[in-house]
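A.B. asks: Single-letter residue listing:
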Amino acid sequence: MFHREAGTFKTSYAKDMALFPLPIAKGAAAFFLATVAVAIPAAVLTGLMHEYYLTIFTQIFIAIVGALGLNILVGWTGQISIGHAAFMSVGAYTVGNLVTKVPHEIFGGPMPFWLTIPAGGLMAALIGTVVGIPSLRIKGTYLAIATLASQLIIEWIINHTPAISGGAGASIQVPRPTLFGNELKTPMEIYYFTLFFAVVAIVATMNLVRSRIGRAFVAIRDQDIAAEIIGINIFRYKLLSFAISSFYAGVCGVLFAYYSSIANYEAFQINISIDYLAMIIIGGLGSVLGTILGVIFVQLLPVAIREVVTAYGGYVIANPEQMQLDSLLRTLMIWGIPLLVLLAVRRFVSLGFWTRLIVTLLAIVPAAMTALGVLTYLFGSQFANTSALSAMAASLKLIIFGMLIIFFLVVEPEGLARLWRNVRNYFRVWPFSY
Amino acid sequence: MWKSGLKQLAAAAGLLGLMSAGAVAQDKELIIGMQCDRTGPTQIVGTTLCPAYHDYVALINSKGGVEGWKIKVIEIDHEYKVPPAMEAHERFKKEGAIFHSVYGTPQIAALAKKLEEDKMAATSPGFGSAAAADGKRFPYIFPVAATYWSQATVAVQFAKKQLGGNLKGKKIAYIFFDNPAGKEPIGVLEDLAKAEGFQMRTFGVPSPGIEMGAQILDITGRFKPDFVIAHLFGRAPAVAIKELKGKGFPLSKVVGFVWASSEADILAAGGWNIAEGYHTLQYAGVGRDYQVIRDIEAMYKAQNKEIPKQMIDNSVMYNRGIFQAAIQIEAIRLAVVAKKGEKPTGQDVRDAFERVKNFTLGGLAPPLAITPEDHEGGGWVQVWTVKGGKFVKTTDWQQAYRDVIKKHLADEAKK
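If you're matching them up, the sequences are chains A and B in order. Note that the numbering used here gives residue 143 to position 143 of the first sequence, counting from 1, and the numbers run on in steps of one. Note that the numbering used here gives residue 153 to position 153 of the second sequence, counting from 1, and the numbers run on in steps of one.
Among the hints, erroneous ones may be present.
[Unchecked claim] Partial selection, computed: residues in chain A whose CB lies under 7 Å from chain B:
1) ILE262
2) GLU266
3) ALA267
[To be verified] Facing chain A, according to a computed beta carbon distance under 8 Å, are these residues of chain B, among others:
4) GLY65
5) GLU67
6) GLY68
7) TRP69
8) ASP289
9) THR395
10) ASP396
[Unchecked claim] Some chain A residues flagged as far from chain B (calculated, every beta-carbon gap over 10 Å):
11) TRP156
12) GLY167
13) PRO187
14) PHE235
15) ALA391
16) LEU398
Hints in this document: simulated from the structure, not taken from any laboratory. Quick caveat, the model's predicted, so the values are computed rather than measured. Every residue, glycine too, gets a C-beta built ideally from N, C-alpha and C.
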């Protein structure tokens, strides 16, 4: 069959190392590329799809670049970082300063993006390497706190250095990127601009992780002492991992600065770092596909939930303002977040089925009860007013989003990528499963 | 079995048809896109301001709308994050919004260019860059309320009045949240210090601003100022009030900027008794003694509903929501009038904003005069003081040192 392998028939290293071992994988990649590069823009141009949806895709593309970088560090090299957003702000301020301070005579305008993007990446890589130095001595939670500190330090430095931040407002206007003298400003142009870099980032990561460097990363992740014994220079590869990861973050920051036309560190604060960690944990650590799925999950789900609730919430919910939603939310946070962290920790997987079930129930039961409580208490056929419905949508978005994260992680702690692989493996031998 | 399934299907189809019919029936409506933060770090503002906004829109619609047009508000909660705000803008464009009610400083910064490209106006009352008051540089942004610069000038003028009309040789402490918004007025304050001859020192409080013992001790123990100007956000104002009180500093010598001045801050500081004497700057009126508030109360009564709790408990934020909605709807009204009843575009609403005058909402809104040059409308603030368990109006709408503001705007434009 064209999509099935019935054994290992690889006769050369080249075949073994191929990016797409099966023809169907190549076909699928071509299909998705055609969808985002041709079908979606065509749908927008012909009016089948509103231009609005391009914005969502653009944000997904930008986030893919950043999340891939984080996944290289966390997923492949096994070093944790809670300071990823800070490196994005480094990239953003690099482009901000380059386009404003480099004399416009040199390039006949602000510095072009094909220079600012690598420059932003390199600057972030440089700082990322410095931040990575503690990783040589400390691991796990300790490293997490060290990178958290770097997030705060970078923010503080930007905030307090007018030479970097461009004054008290700490924001620098970034002109739109230009290509052959044409300003890229419509949603469609920005869409293609970011798509290009997302594709480059994806291809680069896929190649990186099967290279000598990538294998060294994996060796360090799996057992750093063993890696050192077989001759991998831990010092070099750990720092390299930080550098590459920060390079991606820097590029992501530059893209975001171009997208929003401003470099402002308030857009890259600690909650964004957490968001990126969430993306790769939900998607799957050490997986390119997982990264993409995780980004789509985190970016798209809140929008989808909001749209569904505002569209249909009015039919079932009336007068939600009478409920103390914020206190319910707080309960949820108190229960949900530590358990989420627990779920994310690898060791939890080895706890055994029953422990896992009990912990999961502890997390999901209050969450489900809160949601059910809200719904049953308010159940009625009246239409809610806009204000109440908006409040409901905002709160439900958080509740459902949190619950779905817990749900997916419980179903498959290794993320959406593993979930997808399980489904695929099932169908690979279907209907003759054993 | 099969038949009942069919029936259900038919019923569902009928319901869907009804729903779409309902959507089509209301075609004479104008859409405002509104950002909100009900769940993020500034939810203390959003959970009161946004319902107030909707209340005012409901009031206008219950009176027949704006020149025959109903107002529809699409609200998007962005949790104070930038990407959802950018997404919201495109969403509003998709829905055909003629105005974008932006919320948040990083959000308006990120959207500034987009608004201009899409010819859609936005307001930034109480947040955003002070430079946006320059209508020539930011034609699509309307701060409407006093910027941090204007607040700083009025705060100094107020201090001057409280200290007997002369600031020469006096000491003023400026305690601020150490972020771009907190640092923004420092330049203006330094200029005023030079002009008025007072000594000014700044005390930055790092985020999240719930620990400022060192700064307060520095102020009360070492610097010993004659007046304190506080520019704090979130939980920080409450902590500042409590700490200053604890160190025995008279709160009647303290004035807080607009985000350090709600009932919630006073309650969080330990109640009205603790905060007695504390002065606050307000860009919208406080309390319920306004015609528009009474109208909303009447509207709730007519529907046999309780009036919203926030209206009583947090009138500062509630009234700001009313002000925000009212000033936008006034501009939309002017745009409809100018178009002789036809549907205005985003550009029409922007142009109409520059004609907003004499719109005071019975004293709740400042006497704004928005012009093509001055999108701030004059930088008007009232001072309200904590007295006997409530806010009492100490001064009427006032502005100060407009020449200093003009100079700073000109400097910004040169950059």
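A.B. asks: Which hint numbers doesn't this structure obey?
C.D. replies: Going through the list in order, the structure violates hints 4, 5, 6, 7, 8, 9, 10, 11, 12, 13, 15, 16 and respects the others.
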